[in-house]
Amino acid sequence: MRMKSLERYTDSPDFEYATSGHRACQGCAEILALRLGLKVFGKDTVVAMATGCMEIISTPLPTTSWRLPWIHVAFENTAAVASGIEAGIGILMDKGKIARKDISVVAIGGDGGTSDIGLQALSGAMERGHDFTYICVDNEAYMNTGIQRSSSTPFGAMTTTSPPGKKSFGQATQKKNMPKIAVAHNIPYVATACPSYPFDFLAKIKKAKAAKGPAYIHVLSVCPTGWRIPSDQAIHYGRLAVRTGIFPLYEVENGRYRITYSPEPLRPVAEYIKGQGRFRHLTDDLIARIQDQVNRDWQDLKSYSEMK
Amino acid sequence: MSTKKGMEVSIAAAEAAKLARVEVIAAYPITPQTHIVEHLSEIVANGELDAAYVNVESEHSAMSACVGASATGARTFTSTSAQGMELMHEILFIASGMRFPIVMAAVNRALSSPLSIWGDHSDIMAARDTGWIMLFCENGQEVVDAIIMAFKIAEDRRVLLPLMVNLDGFSLSHVIEPIEFPAQKDVDRFLPPYEALYTLHPDKPVTMGAYGMPELYTEAKYAQEMALRGSKAVVKEVMGQFAKEFGRTYNIVETYNVEKADTVFMALGSINENIKTAIDNLKEQGKELGLVSPRLFRPFPADELYEFLKGKKKVVVLERVMPAGAMNGPLFNEIASLAVTHGLNAQLENYIFGLGGRDVEPEELMETYEQVASSARVSHADNKNYGVIGVRS
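Protein sequence lines correspond, in order, to chains A and B. Every letter in the first sequence is one number past the one before it in the numbering used here, and letter 285, counting from 1, is 322. Every letter in the second sequence is one number past the one before it in the numbering used here, and letter 168, counting from 1, is 176.
Incorrect hints may have been included.
[Stated by the list, open to error] Stretch by stretch, here's where chain A covers chain B in the computed footprint (C-beta under 8 angstroms, at least three residues):
#: 1; region: 25-37
#: 2; region: 43-50
#: 3; region: 71-79
#: 4; region: 323-333
#: 5; region: 371-382
[To be verified] Cross-link-like lysine to aspartate or glutamate pairs, in silico, DMTMM-like; alpha carbons within 20 angstroms at most:
#: 6; chain 1: B; residue 1: K240; chain 2: B; residue 2: E342
#: 7; chain 1: B; residue 1: K212; chain 2: A; residue 2: E53
#: 8; chain 1: A; residue 1: K134; chain 2: B; residue 2: E296
#: 9; chain 1: A; residue 1: K138; chain 2: B; residue 2: D390
#: 10; chain 1: A; residue 1: K134; chain 2: B; residue 2: E375
#: 11; chain 1: B; residue 1: K321; chain 2: B; residue 2: D270
#: 12; chain 1: A; residue 1: K132; chain 2: B; residue 2: E203
#: 13; chain 1: A; residue 1: K217; chain 2: A; residue 2: D337
#: 14; chain 1: A; residue 1: K244; chain 2: A; residue 2: E308
#: 15; chain 1: B; residue 1: K284; chain 2: B; residue 2: E296
#: 16; chain 1: A; residue 1: K132; chain 2: B; residue 2: E375
#: 17; chain 1: B; residue 1: K229; chain 2: B; residue 2: D211
#: 18; chain 1: A; residue 1: K134; chain 2: B; residue 2: D164
#: 19; chain 1: A; residue 1: K134; chain 2: B; residue 2: E56
#: 20; chain 1: A; residue 1: K80; chain 2: B; residue 2: D211
#: 21; chain 1: A; residue 1: K244; chain 2: A; residue 2: D139
#: 22; chain 1: A; residue 1: K134; chain 2: B; residue 2: D211
#: 23; chain 1: A; residue 1: K132; chain 2: B; residue 2: D58
#: 24; chain 1: A; residue 1: K243; chain 2: A; residue 2: D337
#: 25; chain 1: A; residue 1: K246; chain 2: B; residue 2: D211
#: 26; chain 1: B; residue 1: K212; chain 2: A; residue 2: D139
#: 27; chain 1: B; residue 1: K284; chain 2: B; residue 2: D367
#: 28; chain 1: A; residue 1: K134; chain 2: B; residue 2: D58
#: 29; chain 1: A; residue 1: K132; chain 2: A; residue 2: D337
#: 30; chain 1: A; residue 1: K249; chain 2: A; residue 2: E308
#: 31; chain 1: A; residue 1: K132; chain 2: B; residue 2: D311
#: 32; chain 1: B; residue 1: K321; chain 2: B; residue 2: D367
#: 33; chain 1: A; residue 1: K80; chain 2: A; residue 2: D168
#: 34; chain 1: A; residue 1: K249; chain 2: A; residue 2: E53
#: 35; chain 1: B; residue 1: K212; chain 2: A; residue 2: D337
#: 36; chain 1: A; residue 1: K132; chain 2: B; residue 2: E372
No lab work stands behind these hints, which were simulated from the structure alone. Ideal placement from N, C-alpha and C gives every residue a C-beta, glycine not left out.
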């Protein structure tokens with residue numbers, strides 16, 4: 038993406054920290070989000086990444102797609118690894134063993150690595166107040182292992198472990214509200230984002246980078262492979278997720294909610310649902326239930342953002 | 009100038025970490041490790057140690073944060089016990105596979121269930137094949153000296169592996185002993201600051217923790233195994249340097265009354281002191297029993313053990329862990345291997361003792377000696393290959 042306006046967000050608009058040659062699926066919005074987001078963090082950054090799609094597509098020994106210091110340890114502990122990195126860099130600077138400069142520590146995990154198995158480590162790291170940014174790249178299921186449901190999989194979605202059948206309509210639970218959990222830790226910055234809205238996303242990364250203390254960014258990352266959509270439709274479905282209110286874009290600065298892009302009037306959720314293979318089995322009744330839930334959630338979000 | 013103080017061994021372990029100038033500590037409290045981390049928190053809070061103390065929310069995160077910190081090049085220390093060691097089990101393998109010289113004081117304790125906060129070796133024996141170097145200590149002085157040596161061994165460029173210093177929960181961790189502390193300037197000379205080979209730093213970006221495809225995984229693990237096996241020579245070397253610097257001599261296998269005795273006991277940890285008492289008591293009765301105790305358990309010092317065991321008539325392996333359906337306890341199985349690999353030709357006997365903090369008095373050890381001495385092959389209840397000292401069935 039060589040557009041002039043990137044320069045408003047980053048000193049290195051042309052430099053690729055996530056290089057080409059990785060093994061992400063065609064049309065993957067997750068690697069797109071990281072490619073853009075890391076440009077904002079820039080070269081003085083250390084990345085800790087959870088096991089998952091982004092890890093597995095980028096680092097088969099002896100190759101790497103990362104031109105930043107990068108570490109992968111395990112699935113559920115990325116926030117704890119980042120805690121150790123922040124502590125290590127901090128004490129080595131204090132002792133004068135490495136030169137003092139502003140180094141961003143960025144932890145990256147998928148929705149499973151964040152809202153399921155990594156939730157405890159993340160909660161601990163946010164509570165302790167480490168100066169780091171956690172980016173959850175949410176593709177709404179365990180895509181790396183073959184599309185199994187997570188607590189971030191939306192209501193009604195088909196995955197290989199939430200299959201529709203005689204006694205099932207797919208995922209029977211509501212998507213876990215991870216940003217709200219992050220907000221409950223009273224950290225300085227929380228935001229949702231989607232690479233279909235790149236400048237909104239980049240502005241939020243910039244704020245997260247500048248925040249003193251933990252920042253959490255929850256990125257809806259459309260997964261053509263897992264969502265059963267054509268690989269050239271990732272940006273389109275990201276936009277629809279926002280415009281239908283299914284995935285609203287907002288930020289929470291020091292506890293204050295602000296909707297950063299208002300999609301009102303909301304498009305019907307059916308526009309988002311129709312065309313995605315993972316929702317193919319949904320009846321009109323179920324789609325109506327989803328619409329009701331989205332309406333309620335949107336009103337709730339608006340009420341939070343109006344609170345002073 | 010060194011100073012001698014009466015001190016609880018846990019506090020002394022924390023003081024040793026301070027002498028080693030650890031830079032990051034990430035730990036989660038668990039009995040009986042708590043006094044170590046409490047004291048470390050205190051000396052960091054008081055500014056006596058220039059270190060970052062990360063109050064993690066679990067042992068899994070403790071070891072994960074240690075890995076992250078070690079990856080930046082910081083000298084990193086933690087401590088745990090029992091369930092905590094099990095919770096961090098996954099990351100123990102990763103710490104060794106990624107070759108981070110983290111040092112951990114493992115305060116050995118029983119594993120649930122039933123819940124028991126008291127000492128045995130269930131925890132460390134479940135973690136024995138995680139690729140860490142493992143030292144066992146018999147008394148508080150050994151704990152202090154082992155922690156100081158641990159960093160020098162682990163950080164050696166020929167090694168670069170994590171190291172556990174094992175001490176028995178309560179029966180060692182909570183006793184007060186006279187301990188000699190070396191002077192800081194002498195420790196500083198013995199143990200210079202850690203200079204990591206690779207670190208996570210923007211000036212020189214590296215990728216750590218990449219995954220191994222089938223064509224590389226075996227070679228990566230083989231290289232790690234060679235480093236672990238090779239660390240034995242470095243352990244010996246560092247013990248030699250330590251003796252020269254501080255005047256206390258350690259060996260990877262320690263013995264007691266082993267020359268005269270045809271029968272030897274073999275055990276790990278603080279029980280050795282009771283075994284020595286039993287040996288002294290037996291000697292008064294005109295009976296000779298020896299003790300052979302590996303201080304280095306991983307890598308396993310097979311050759312060095314064999315030097316002491318060859319020619320013995322009876323070797324009795326005592327261990328603080330239930331075999332869990334195995335033929336024998338894990339230490340016995342190693343010794344039994346010596347019969348095949350080194351031609352050890354002795355009557356081998358195996359006893360389980362001291363589970364979940366059960367005391368074993370020198371008298372019981374003397375009875376065990378008599379049982380073995382009077383039989384060419386001890387037969388045990390339920391056709392087991394091992395006896396369980398003091399068990400009520």
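Check whether the Cα positions of K80(A) and D168(A) lie no farther apart than 20 angstroms. holds (17 angstroms)
Check the hint pairing K138(A) with D390(B) against an upper bound of 20 angstroms on the C-alpha distance. violated (67 angstroms)
Would you check the hint for K246(A) and D211(B), treating anything up to 20 angstroms between C-alpha atoms as holding? holds (19 angstroms)
Within 20 angstroms, alpha carbon to alpha carbon, are K212(B) and D337(A)? violated (47 angstroms)
For the pair supplied as a hint, K217(A) and D337(A), confirm whether the alpha-carbon distance does not exceed 20 angstroms. Roughly 12 angstroms separates the two Cα atoms, so the pair holds.
Given hint E342(B) paired with K240(B) - CA-CA distance at most 20 angstroms: Holds, because 17 angstroms separates the two Cα atoms, which is no more than 20 angstroms.
For the pair we were handed, K212(B) and D139(A), check the Cα-Cα distance against 20 angstroms. holds (15 angstroms)
Has the given pair, K243(A) with D337(A), been kept, meaning a C-alpha gap of at most 20 angstroms? Not satisfied, since the Cα-Cα distance of roughly 27 angstroms exceeds 20 angstroms.
Going straight from one Cα to the other, do K244(A) and D139(A) come out at no more than 20 angstroms? Holds: K244(A) and D139(A) sit about 15 angstroms apart, inside 20 angstroms.
Would you mind confirming whether the straight-line C-alpha gap from K80(A) to D211(B) stays at or under 20 angstroms? Satisfied, since the Cα-Cα distance of roughly 9 angstroms is no more than 20 angstroms.
Regarding the pair K134(A) and E56(B), is the alpha-carbon distance no greater than 20 angstroms? holds (18 angstroms)
So if I understand the rule, the pair passes when the alpha-carbon distance is 20 angstroms or less; does K132(A) with E372(B) pass? Between K132(A) and E372(B) the Cα gap is close to 53 angstroms, so the pair fails against 20 angstroms, i.e. violated.
Hint compliance for this structure: hints 2, 4, 5, 8, 9, 10, 14, 16, 17, 24, 29, 30, 31, 32, 34, 35 and 36 are broken, all remaining hints hold.
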